Every structure is written in C-alpha cells, then in structure tokens.
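Colleague: Input sequences plus hints: build the corresponding full structure.
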Amino acid sequence: MQKVIFYQFSIKPNVLSNFLLVFFFIIFSSFSKQNSNNYPKEKIYIQFDKPNYYVGEDIWFKTYLINAETHTPQTLSNVVYVELINPSNEILETKTIKITDGGGRGNFELSPNLITGEYTVRAYTNFMRNFNSAYFFRKKIYIKALNPDGTINKVPGTNVVDMSKPDIQFFPEGGDLVNGFLNRVGFKAIDINGEGIDIEGTITDNTGKRILKLNSAKFGMGMFEFVPKQDNSYKLNIVHQGTELVYNLPNAINHGVVMQITEHENDFRVTLQSSLNYGLNNFSFIGTQRNGVVFRAELAGSKNNAAIKVPKSSLEQGIVQFTLFDNKKPLCERLSFYETDKANVAINVKPSKQEYGKRELVELEIYLDSIQQPKTLTNMSIAVTDMSAVETNPYGLDIKSQLLLSSELKGNIEQPGYYFYSDDLKRKKNLDILMMTQGWRKFIINDTLSKPSKPTFLAETGINLSGQVKKFFNHKKSATAEVSLTYKNSEEFVHETVVTDLNGKFVFSNLNFLDSTAIIIQAKKIQNTKQTKRAKSPAMNFHIEMDSFMAPKITLKQKQHIEGFSKKAEKITNKIIATEYLEALYKMQKDRVKLDEVVLEAEVFDRNSYFNKKRTELLKNPSYTVDVKDIKGVPPNNWLTALIGRVPGYRSDGTLRGSSSLANNKPLYLLDGYPVDDIENFAFSDIDFIDILVGPRTVIFGLRGGNGVIAVYTKDGSEPSNTNESYKKRGIVSFENPGYTSKKFYEPVYKTQQKEDAKFDYRPTIYWNPTIRLDEHNKTSISFYTSDAISPYRVVLEGISMDGKLIKVESTLNLPAN
807 MQKVIFYQFS
817 IKPNVLSNFL
827 LVFFFIIFSS
837 FSKQNSNNYP
847 KEKIYIQFDK
857 PNYYVGEDIW
867 FKTYLINAET
877 HTPQTLSNVV
887 YVELINPSNE
897 ILETKTIKIT
907 DGGGRGNFEL
917 SPNLITGEYT
927 VRAYTNFMRN
937 FNSAYFFRKK
947 IYIKALNPDG
957 TINKVPGTNV
967 VDMSKPDIQF
977 FPEGGDLVNG
987 FLNRVGFKAI
997 DINGEGIDIE
1007 GTITDNTGKR
1017 ILKLNSAKFG
1027 MGMFEFVPKQ
1037 DNSYKLNIVH
1047 QGTELVYNLP
1057 NAINHGVVMQ
1067 ITEHENDFRV
1077 TLQSSLNYGL
1087 NNFSFIGTQR
1097 NGVVFRAELA
1107 GSKNNAAIKV
1117 PKSSLEQGIV
1127 QFTLFDNKKP
1137 LCERLSFYET
1147 DKANVAINVK
1157 PSKQEYGKRE
1167 LVELEIYLDS
1177 IQQPKTLTNM
1187 SIAVTDMSAV
1197 ETNPYGLDIK
1207 SQLLLSSELK
1217 GNIEQPGYYF
1227 YSDDLKRKKN
1237 LDILMMTQGW
1247 RKFIINDTLS
1257 KPSKPTFLAE
1267 TGINLSGQVK
1277 KFFNHKKSAT
1287 AEVSLTYKNS
1297 EEFVHETVVT
1307 DLNGKFVFSN
1317 LNFLDSTAII
1327 IQAKKIQNTK
1337 QTKRAKSPAM
1347 NFHIEMDSFM
1357 APKITLKQKQ
1367 HIEGFSKKAE
1377 KITNKIIATE
1387 YLEALYKMQK
1397 DRVKLDEVVL
1407 EAEVFDRNSY
1417 FNKKRTELLK
1427 NPSYTVDVKD
1437 IKGVPPNNWL
1447 TALIGRVPGY
1457 RSDGTLRGSS
1467 SLANNKPLYL
1477 LDGYPVDDIE
1487 NFAFSDIDFI
1497 DILVGPRTVI
1507 FGLRGGNGVI
1517 AVYTKDGSEP
1527 SNTNESYKKR
1537 GIVSFENPGY
1547 TSKKFYEPVY
1557 KTQQKEDAKF
1567 DYRPTIYWNP
1577 TIRLDEHNKT
1587 SISFYTSDAI
1597 SPYRVVLEGI
1607 SMDGKLIKVE
1617 STLNLPAN
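Heads up: the sequence shown begins at 807 in my numbering, then just goes up one per residue.
Hints listed in this document are in silico derivations from the structure and should not be mistaken for laboratory results. Please read these numbers as outputs of a predicted model, since none were measured by experiment. Idealized CB from N, CA, C, for every residue including glycine. The reader is advised that the hints may include incorrect statements.
Said to hold, decoys possible - Mimicking BS3-like on lysine-lysine, the simulated pairs with C-alpha atoms at most 25 Å apart in a straight line are:
1. Lys1109 - Lys1035
2. Lys1181 - Lys1585
3. Lys1282 - Lys1331
4. Lys1311 - Lys1294
5. Lys1359 - Lys945
6. Lys1232 - Lys1216
7. Lys1611 - Lys1216
8. Lys1435 - Lys1420
9. Lys1277 - Lys1331
10. Lys1118 - Lys1148
11. Lys1235 - Lys1118
12. Lys1331 - Lys1311
13. Lys1419 - Lys1521
14. Lys1435 - Lys1277
15. Lys1435 - Lys1419
16. Lys1235 - Lys1148
17. Lys1550 - Lys1614
18. Lys1234 - Lys945
19. Lys1585 - Lys1159
20. Lys945 - Lys1614
21. Lys1565 - Lys1550
22. Lys1234 - Lys1148
23. Lys1135 - Lys1109
24. Lys1611 - Lys1234
25. Lys1614 - Lys1235
26. Lys1614 - Lys1216
27. Lys1015 - Lys1041
28. Lys1614 - Lys1234
Claimed, not checked - Derived CB-CB ranges, DEER-like:
29. Val1304 - Asp1412: 37 to 43 Å
30. Tyr1480 - Tyr1556: 38 to 44 Å
31. Glu1171 - Lys1359: 45 to 51 Å
32. Asp1147 - Ile1360: 36 to 42 Å
33. Pro1117 - Asp1581: 37 to 43 Å
34. Asp1412 - Asp1594: 46 to 52 Å
35. Glu1171 - Arg1075: 42 to 48 Å
36. Lys1549 - Thr1008: 54 to 60 Å
Modeller: This is the structure in structure tokens:
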C-alpha cells in the first residue's frame, strides 16, 4: 500500500461547524498479490439476439467471460456452462461453451412443446462455484407458445390478485441508526415475487406521534431522514390493498458512528459523526473497488466529527465501497457509484445508406475513431432484429448494467438499464438509493473476492472426463488400473492413457471437442513388475463409474403468477406483433411432420449393411471380414493371433499369403480408415469388426498395401446391443459427448429485391454475428439482406476490449426506401 498524504484544516462555523476536514491525494494501489494472483475471480455476460422468443425459434447468444477485477479476458477458466431453465426451475438444456479471447458462441433450439412462460438463462464457470452463486449470470427470457390458429397462447389466470403482505426492509446509511444524529435510511418494498411495489406511509414513534411522511421513489425503493431519540422506537404505517399494515424500524443505538456520503461534480464527500467516547481517533477510512483498495486515510485527533473529500480522479467506473474501520474492525460501510464515459470504447456503426427496401443488401461499416485510440483489440457481437416482431425492453440487462452493476450486487435488479440510459432527472439519485438498499453490506468484494482456503471446484481450460475404477464383482471397492481414452470426431482420432490413483480415480483433462464426439473409456490391468510394464490386453474384471456433472442448486425465486409471467412481462406480451411474422412462424411449426403412432416389430439385423456404413469407398467389398462377437477367447498378449484359422492366409508371424512379400512384409494397418504403425496394442474390446484385403485390390494403397491390408473398426455406440451375458462389457464405457457444437446462423441471399419463390421471409432476427473483430485499421464491415417486413431494424453491438473497456452501440435502420 502506498502512503497517502492528507492535510487538516480548520473550518469556519458557517461551513462545517466543529468539523475536521481532511483533504488528501489518493494514489491507486495494486490489489493484494496474494488475493489477485492466486484467485482471480470471474464475471460473465451474455448478449442474446433478442429479449423474447416463440417456441420453435433459436436463442442465439454470445458468452463473455472476463476477470472480475480488471474486466480483461485474463481468466483461469476457458469453459462456461450455459443453462436454459423452465418456469418450474428445471434445467431443460446445458450448453458447454469454449471461450477464446474472452468470448464464445452458442444457441438453444426451442422445442415446439414448450409452454408459455418466464424462463431463465443461467451461466457460470466451474471455478465460480467456489463462491456465492448469487453472482452467476442470470437473465429472464420470455417464451411464448402459439395456439392452433397461430395466435399467442395465454394461460388462464392473468387476473390473479396478490393479497400477501409486502416485505419492507430498512437500511440505515452506514449500518446502524444512532440516537441524536440526523440519520439517512433507505428502504425497499417488494411483493411476493421480489418485485418492487410503490408505497406511501408515515413514520410514528412509540407514543403514536407522527414523525414524517414518506413515499417510494422507484421500484419500491426510497430514502428518508430523521433524528431518532433515546428510549423511543419507530414504526412505518402503510395501507396496502385496503389493509393497514405496520412495520418496525431497526432499533437505534446510543453510541456509534453515522456516515453519510454525497456525490458532487468532482468528488464524493464523506461526513462522519461519532458519539463514541474516543471520537474518531485512530480510525481508518478505506475505499475499495473491484480491483482492490484504491485509497486510504488515517484519522487522528480527538474530534467527534470529520469530513473527507474523495476526488473522482482516483476512481474508476463502477461501484466504490467506503468502509470505516475501528482497529481493523469494520464499523460503517456504504456503496456509491462512479459513472464516467471515459471507461468505454466509442465504436461507430454506419450503414451504406439511410433507407433500405425489401430483400435488399445492407452493408454496415464498424469502426473506431483512430484519433481517440490508435489501436484497440476488441471482441464483439452484433444482432439486427425486426422491431415489428421483437418486443424491446430499453432498460433490460446489457453489457454495461451487467458488468458494472448486476454482477456486483446480490438479488435481482429490476430494469437495470434504467440506471444508465433513462432520461429521468432523478436517475442518479435513484441509483444512489439502490446503492443504499440492495447494496447494503452485500458487495462482491466481501462476498466473492475473499480468498477461499482451498478451491473445491477447479478452473477448467477444456472438457474434463473423470471417473473411478472399481472391482467388477464388488462395486464398493476401488481398483487401480491403467485407463485408456479413445475418441473420434470429424476433426481427429485420439488414443491416450492415464493411471488411476490409489482410490481408482482418473481424469482426462483439457479435451477440446469442437463437435459431437464418440468416446470409449477402458480399464486395463497394471502388471506389477520391476519395469512396471503394463498389460497389452484388458482385464475383464473392472467396473468404471464416470463422474456426472452436477449442476449447482437452483436458487431462483419462482414467480407466483399462475400464468407463468410476471406483471411486467404481461405488458410486454400484450404488444401487437406483426401479423405476417406470426403467420410465418405458425406455418413453420405447422409444416413440421407429425408422425402417427408406430408399433416396432422384431427385425433381423443386417450385419453387412451395418459394416458398409462404417467402411470408406476404398474399403468396400473386402476379401474377408471378422466379426469380433464370433471370437470367444482372446490371446493375452496379441489378439492378432486370433485371426489365425479365421482368415485364410494369415500366418503366425503376422503376414498374409497372397501379398507381394516386400522387404517389410508386415501388412498395412488401418484404424477406422487411418494408417497406423502398430495395431496389436489397441484394446480388443474396443474393436467392432476387422476387414482384410489381399490381392490386386491393395494396389490403391501403394507399396505399403502390397503386403495386404488389415482394417480395424472401433465401436462408436451405433453397434447393436448384445444381450448375451458372456459378452457383457466389463471395464469399458462408451458414450457420445456433444462438445462445443453450435449451429451457424442462417443468412438468406437474394439476387434481386423481388420475391423469388412463394416462401415469405419474416425473420425476427435479421442478422446475428457473434465474432466481430476490428482489423489493423480499427475497422471492419458486415452485410446481410433485409426481409419482407416493412419496419425499422434495431442494431445492437456489444463487446469488450482486451484492456477491459466496455462496448455498447445501439442504432436503427429504416425500411422501406422511398
């Protein structure tokens, strides 16, 4: 911590009587090395293509993962889990998102069978699970089903009346009410769903005397001031839906400190008043932001009052936490918010012309003012939506309100965008009230930036597969073994091994499956020799239990409206959507093929057709085929000897008669079509069938094929199940991992502005691109075609720069052209 210089001045009575004014120059200090370097915390933001959806559509999204302290992409984790949760708090689907340079893309396909209601998208990393789940990313998504006639399906019950007693909480500024001083008190009134409700009432003392009248300001929150007196108690009296209700205020203390903070043009001013016997002597006043302590002052002297001026130049954009310490014990605490545009990147989005017609090519130039910043590395995403088909929420969650506000306060913040974008003259005042209420002693520095003794959940840089090997005939006992992993997808074929620990546990880490991947995991016996030579054939007396991913407990507060919508969502739902769009969406769902009930009958399995599906064109019509299910016993060291007597011409030395007998007389080995140098060490239980090619047909494989070809095909889960207990797989599991698969957004291309076919184009999302990056000249461009809708388009560009600055641009495209 760098030393802070401060000065004491006497104050004229008409300014601040009996106050000690402390001016000090604040120098940024680096965050604790122990805290920052060992456990850099993480934040998540997700940009969606639009805020609300119909069943049958796709939810397109871009996930941003950043360091919670610096807002840069420097994080321990490279994997994010994104969940879609239904109105009954059930996880419908989980996507695993690969993060590169702070961002990753994904999508959810909404089933036509979903009901109308309020859904939630939740996102987190495995490492974030070490801390309070209140700081996971969450966003409400409203999904609507369609009736058979194409209209919106509304569940009955929209007139439910909430007769429950509102919950009203009081938050004395700094922490406690102190008798004899003017105290500020924040309050918040919420209904059964946790949504703010407007109230008005009176504060009375224990004699029934009226002290003051109060009204909520915004979202059920407000603030009032009064001087509590010793031996008095106070109550709030309101009338809610015709019922008189009474709430007790917190009891005031006789000896304490009152801290009040007000924002001015260039600084925050803190006033302290103490009724303690030792005043404020030896107190410490500290300010912290997400990257640690940013200023500090030591108070000296026997005065009971003090004022501190905190220059804004010492702060960065976002929440600042003021804490007064008495001998290292926190005594008062208060949050404020410092707002500045200097922390944002000014990106421009410029269309090639002012207006566009139907099915016309739109070109947008995206660029940064090079004079402002010569070179900026960015990671951005952009969505263009039809405003007639999408219900917009101007004060919904965006990258700024999430990363600067919602990610650092517990609980749901209603309309978080209001605090940044509203023209309300009381916006900043209401933001300060939010800091007094919802931010009261519930800040990320205290709750999520504290260092855990030992993380339970490790940061993930790739997909992990883990489990435990146990004895086959006693699943309660673990067993040590060598475990092999074999996987294949469209990109690669990999085989690797690890050895379990003494408890039979194993893990394959940092796997990157870019698409759906067939996986086989097998346990093998370890030979206990001096050279610790491992067996080449599997032992059949192992049982493998794979670890399943357990999602964190869902702590969402379910809405109590039986129609599945909150009251505010109802207003959004009632918006008139373009008839053409609803008709097109209904037609899309109606065109889905509905299958009649099918009764399955026993069918003879065509083994040869199944084999041909796995073979490439070069390997069709082999000379011989061996189905491994016909092999009852396997030699312990070399399963290739099992081919002797089953394949004409196969010799004990591993050669094939009918080959050209070149100097290297070994045949060419193929594993799932890929040439390999050695095949005998591959686990026999992983093999599905074997093809052998000899004679003139091998010339297509060159000189190596001259000695014949042995093509081995592995199991991938598509093979028929074997009901014979003697063939039951032991020590082996096979499954398919979906990987990081994400669809590509469909973009139609029109050569003319005229309709080229009878299919109407009423896309709600006109364009979605999750990977926008500027070139070396700080610019780039995108293009897309308009639809058949005659309405304006909303363009939203969001992202982050590599140095931690936020990006948000919103504009409108006009249709049609004159």
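Colleague: State for each hint whether it applies.
Modeller: A quick look at each hint next to the structure:
no., hint, verdict
1, Lys1109 - Lys1035, "holds, 22 Å"
2, Lys1181 - Lys1585, "holds, 10 Å"
3, Lys1282 - Lys1331, "holds, 18 Å"
4, Lys1311 - Lys1294, "holds, 23 Å"
5, Lys1359 - Lys945, "holds, 17 Å"
6, Lys1232 - Lys1216, "holds, 23 Å"
7, Lys1611 - Lys1216, "holds, 23 Å"
8, Lys1435 - Lys1420, "holds, 17 Å"
9, Lys1277 - Lys1331, "holds, 11 Å"
10, Lys1118 - Lys1148, "holds, 12 Å"
11, Lys1235 - Lys1118, "holds, 17 Å"
12, Lys1331 - Lys1311, "holds, 14 Å"
13, Lys1419 - Lys1521, "holds, 13 Å"
14, Lys1435 - Lys1277, "holds, 24 Å"
15, Lys1435 - Lys1419, "holds, 18 Å"
16, Lys1235 - Lys1148, "holds, 21 Å"
17, Lys1550 - Lys1614, "holds, 24 Å"
18, Lys1234 - Lys945, "holds, 24 Å"
19, Lys1585 - Lys1159, "holds, 18 Å"
20, Lys945 - Lys1614, "holds, 18 Å"
21, Lys1565 - Lys1550, "holds, 21 Å"
22, Lys1234 - Lys1148, "holds, 18 Å"
23, Lys1135 - Lys1109, "holds, 20 Å"
24, Lys1611 - Lys1234, "holds, 22 Å"
25, Lys1614 - Lys1235, "holds, 24 Å"
26, Lys1614 - Lys1216, "holds, 24 Å"
27, Lys1015 - Lys1041, "holds, 10 Å"
28, Lys1614 - Lys1234, "holds, 20 Å"
29, Val1304 - Asp1412: 37 to 43 Å, "holds, 38 Å"
30, Tyr1480 - Tyr1556: 38 to 44 Å, "holds, 43 Å"
31, Glu1171 - Lys1359: 45 to 51 Å, "holds, 47 Å"
32, Asp1147 - Ile1360: 36 to 42 Å, "holds, 37 Å"
33, Pro1117 - Asp1581: 37 to 43 Å, "holds, 39 Å"
34, Asp1412 - Asp1594: 46 to 52 Å, "holds, 48 Å"
35, Glu1171 - Arg1075: 42 to 48 Å, "holds, 45 Å"
36, Lys1549 - Thr1008: 54 to 60 Å, "holds, 58 Å"
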